[in-house]
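Add chain B to chain A, keeping to what the hints say.
Residue numbers (this note's numbering), protein chains in the order written: chain A, 1 to 326; chain B, 1 to 326.
Just so you know, these hints were derived from the structure itself, not from any lab. Among the clues, some could well be false.
The list makes no distinction among identical chains, and a pair is therefore deemed to hold if it is satisfied within one copy or across any two copies.
In silico lysine-lysine, DSSO-like type, Cα no more than 30 angstroms apart, as pairs [said to hold, decoys possible]:
#1 LYS104 / LYS294
#2 LYS302 / LYS6
#3 LYS104 / LYS2
#4 LYS226 / LYS322
#5 LYS2 / LYS308
#6 LYS165 / LYS322
#7 LYS322 / LYS254
#8 LYS2 / LYS289
#9 LYS104 / LYS254
#10 LYS165 / LYS254
#11 LYS302 / LYS42
#12 LYS42 / LYS104
#13 LYS2 / LYS302
#14 LYS289 / LYS104
#15 LYS2 / LYS294
#16 LYS2 / LYS174
#17 LYS226 / LYS254
#18 LYS36 / LYS104
#19 LYS302 / LYS32
#20 LYS174 / LYS32
#21 LYS264 / LYS322
There are 2 protein chains.
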Amino acid sequence: MKPTIKDIALLAEVSPTTVSRVLNNRGYISRKTREKVNQAMKELNYYPNELARSLYHQHTYFIGLIFPTTSNPFFGELVFHIENICASLGYKILLCNSLDRADKEQSYLEMLQRNQVDGIIVGAHNRLPEYQRMNLPIVAIDRYLSDDIPVVASDNFNGGKIATKWLLDQGCRKIIHINGPHELETPANKRRDGYEQMMREAGITPVTYELPESLIYRRCLETVRKLFNDHPETDGIFASDDLIAATVFSEAEKRGLKIPEELKVVGYDGTETVRICLPYLTTIRQPIKEMAEKAVQILIQKIEGHFKEENREIILPVQLVKGITE
Amino acid sequence: MKPTIKDIALLAEVSPTTVSRVLNNRGYISRKTREKVNQAMKELNYYPNELARSLYHQHTYFIGLIFPTTSNPFFGELVFHIENICASLGYKILLCNSLDRADKEQSYLEMLQRNQVDGIIVGAHNRLPEYQRMNLPIVAIDRYLSDDIPVVASDNFNGGKIATKWLLDQGCRKIIHINGPHELETPANKRRDGYEQMMREAGITPVTYELPESLIYRRCLETVRKLFNDHPETDGIFASDDLIAATVFSEAEKRGLKIPEELKVVGYDGTETVRICLPYLTTIRQPIKEMAEKAVQILIQKIEGHFKEENREIILPVQLVKGITE
Chain A
1 MKPTIKDIAL
11 LAEVSPTTVS
21 RVLNNRGYIS
31 RKTREKVNQA
41 MKELNYYPNE
51 LARSLYHQHT
61 YFIGLIFPTT
71 SNPFFGELVF
81 HIENICASLG
91 YKILLCNSLD
101 RADKEQSYLE
111 MLQRNQVDGI
121 IVGAHNRLPE
131 YQRMNLPIVA
141 IDRYLSDDIP
151 VVASDNFNGG
161 KIATKWLLDQ
171 GCRKIIHING
181 PHELETPANK
191 RRDGYEQMMR
201 EAGITPVTYE
211 LPESLIYRRC
221 LETVRKLFND
231 HPETDGIFAS
241 DDLIAATVFS
251 EAEKRGLKIP
261 EELKVVGYDG
271 TETVRICLPY
281 LTTIRQPIKE
291 MAEKAVQILI
301 QKIEGHFKEE
311 NREIILPVQL
321 VKGITE
Chain B
1 MKPTIKDIAL
11 LAEVSPTTVS
21 RVLNNRGYIS
31 RKTREKVNQA
41 MKELNYYPNE
51 LARSLYHQHT
61 YFIGLIFPTT
71 SNPFFGELVF
81 HIENICASLG
91 YKILLCNSLD
101 RADKEQSYLE
111 MLQRNQVDGI
121 IVGAHNRLPE
131 YQRMNLPIVA
141 IDRYLSDDIP
151 VVASDNFNGG
161 KIATKWLLDQ
171 GCRKIIHING
181 PHELETPANK
191 RRDGYEQMMR
201 EAGITPVTYE
211 LPESLIYRRC
221 LETVRKLFND
231 HPETDGIFAS
241 DDLIAATVFS
251 EAEKRGLKIP
261 EELKVVGYDG
271 TETVRICLPY
281 LTTIRQPIKE
291 MAEKAVQILI
301 QKIEGHFKEE
311 NREIILPVQL
321 VKGITE
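The following block holds chain A by itself, in its conformation from the complex (with noise of 0.2 angstroms):
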């Protein structure tokens, strides 16, 4: 049984107001008092009740964060950051894992309303009516939810474009680019869009391939083996992830392809995880550290009600990181 306020004025020998007096930091007590009151509490292992003093000042200090699935190492060290720059602050996280399902995020919506939470920030991608009626403050990561909904994400654009740029570079001229299935709206796209600019500026006809589930990694190779039937000639392969380019590698590899002299890999996130695995992967890193730190800056704004006009889109730069050479 959990002790009560009644335990501890027992043990401490004052009465059940003095111990709540000493809780709410009310009225006059002695130090001598206050003393024995934490000794006792200490004891019996007491803490007050935080959601009932939530519940009285309206405000919970809990952050709902829905991501598809803390298993890929790109949401995993995005929750990580999140939740420590949150929990520095005295914010708690609620995790929901929507595994890109509308009716995961749906419920998990509900479920984070009724719960109280102080705001949400989001990285899932299913454009749910939802969001456009909620009297919550929201954060997305990456994602174009509604109009009255600030995002903060990583230059997709650029990264396309520098992607591709390297690849040219390189003296690669059948580039193929790999990307998530079209129909989710993320802004992968835009990746996809700096990929096709920068193939027309040099007089190339850009090709795509697209996965045909998200996060299923093992459809990822079904679309790659394709690719290498239809296109032998290939010599350049940008991937909007690095997942689907470590497919590509082993792949490749599998064809007695030589890389990097024969076909050249760009993947794009540039975790920590993939980077030990994979140190000669080529990739485009994304911010991670920087866009959680934002997300949550801009999303206590909004709790806080001092949002920024300024701060409705936040585009970070991201780098061109080369991998290692034997």
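Same frame as chain A, but now just chain B:
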């Protein structure tokens, strides 16, 4: 402003008492009235306050998770599975990334208690005295916290044995083990025990290198370099996690060692991310989803007061997954 019961009553043209009755499913309400109230709640985007109910029923359906960091793919996958299983059972996750720091772990424990969580699943490492004193249902994953706290782990001792046996079977004789810092009391130490037993049975002196710090893979590279400098004759390495194995791979390649001809490597964990990035890595796969399922099941048994003594220590089997050969 959030809508109140009064706003709903006004829109539905009923009394606030009627709205409250619908919400609490109390007293007789005609179907027509119920529909009018539900319609008004939907229009106003009203959600009943689950926190208020929690306080009343002394059951919050919050579960706290304390893990080192979701940036690490093993914990990223584990947290995903735990969260998804909990969500399907109506439980909500408060996420804490302790970064293997005792001070963070301590303050998260206090926060979770102040927020009235129903229970905690913990995979962090510090033997805080707090765990002995807590009045809360707790389940540990892969960590021994106190005699009273049930543990779900995979079979680390056998994992160490089968990894070493595989290297021996491949003809390796100069096999070195790399493990995390020894002062952390993690079950990964049992992987080391399994390695040492197999080596002694084969009549070979075991050699273990310890990393100076957990979670910092930059420091891991220093250790790997020292290992290769000290023991250029090494023909097999058993790494206590896949990211250490990945570091071995890239350092070996940099030194011109042929893998697998001159050096064979076995990792540990077998996460999806690492399987995609390093499909040719042989590894010991932990049953991550099953560990999540078992931990949630036992925690809920404790919360609901029907914990079974046989669940005090659950050891799930591991499996050697051979890397693909090119």
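Outcome of the hint check:
1. LYS104 / LYS294: both (26 angstroms within a copy, 23 angstroms between copies)
2. LYS302 / LYS6: between (40 angstroms within a copy, 26 angstroms between copies)
3. LYS104 / LYS2: between (34 angstroms within a copy, 24 angstroms between copies)
4. LYS226 / LYS322: both (27 angstroms within a copy, 26 angstroms between copies)
5. LYS2 / LYS308: between (44 angstroms within a copy, 22 angstroms between copies)
6. LYS165 / LYS322: Answer is within: at 13 angstroms inside a copy they meet the 30 angstroms cutoff, but 38 angstroms across does not.
7. LYS322 / LYS254: Cα proximity of LYS322 and LYS254: in one copy and across copies (23 angstroms, 16 angstroms).
8. LYS2 / LYS289: neither (39 angstroms within a copy, 32 angstroms between copies)
9. LYS104 / LYS254: neither (38 angstroms within a copy, 45 angstroms between copies)
10. LYS165 / LYS254: Both, since 27 angstroms and 28 angstroms are each at most 30 angstroms.
11. LYS302 / LYS42: Classified as between; 24 angstroms across copies, 37 angstroms inside a copy.
12. LYS42 / LYS104: Answer is between: at 19 angstroms across copies they meet the 30 angstroms cutoff, but 41 angstroms inside does not.
13. LYS2 / LYS302: between (36 angstroms within a copy, 15 angstroms between copies)
14. LYS289 / LYS104: both (26 angstroms within a copy, 19 angstroms between copies)
15. LYS2 / LYS294: between (39 angstroms within a copy, 26 angstroms between copies)
16. LYS2 / LYS174: neither (68 angstroms within a copy, 56 angstroms between copies)
17. LYS226 / LYS254: within (14 angstroms within a copy, 32 angstroms between copies)
18. LYS36 / LYS104: This pair counts as between: shortest inter-copy Cα distance 27 angstroms, intra-copy 49 angstroms.
19. LYS302 / LYS32: Neither: 42 angstroms inside a copy, 39 angstroms across copies.
20. LYS174 / LYS32: neither (80 angstroms within a copy, 66 angstroms between copies)
21. LYS264 / LYS322: Answer is both: 12 angstroms inside a copy and 27 angstroms across each meet the 30 angstroms cutoff.
In the structure shown, a violation is registered for the earlier hints numbered 8, 9, 16, 19 and 20, in ascending order.
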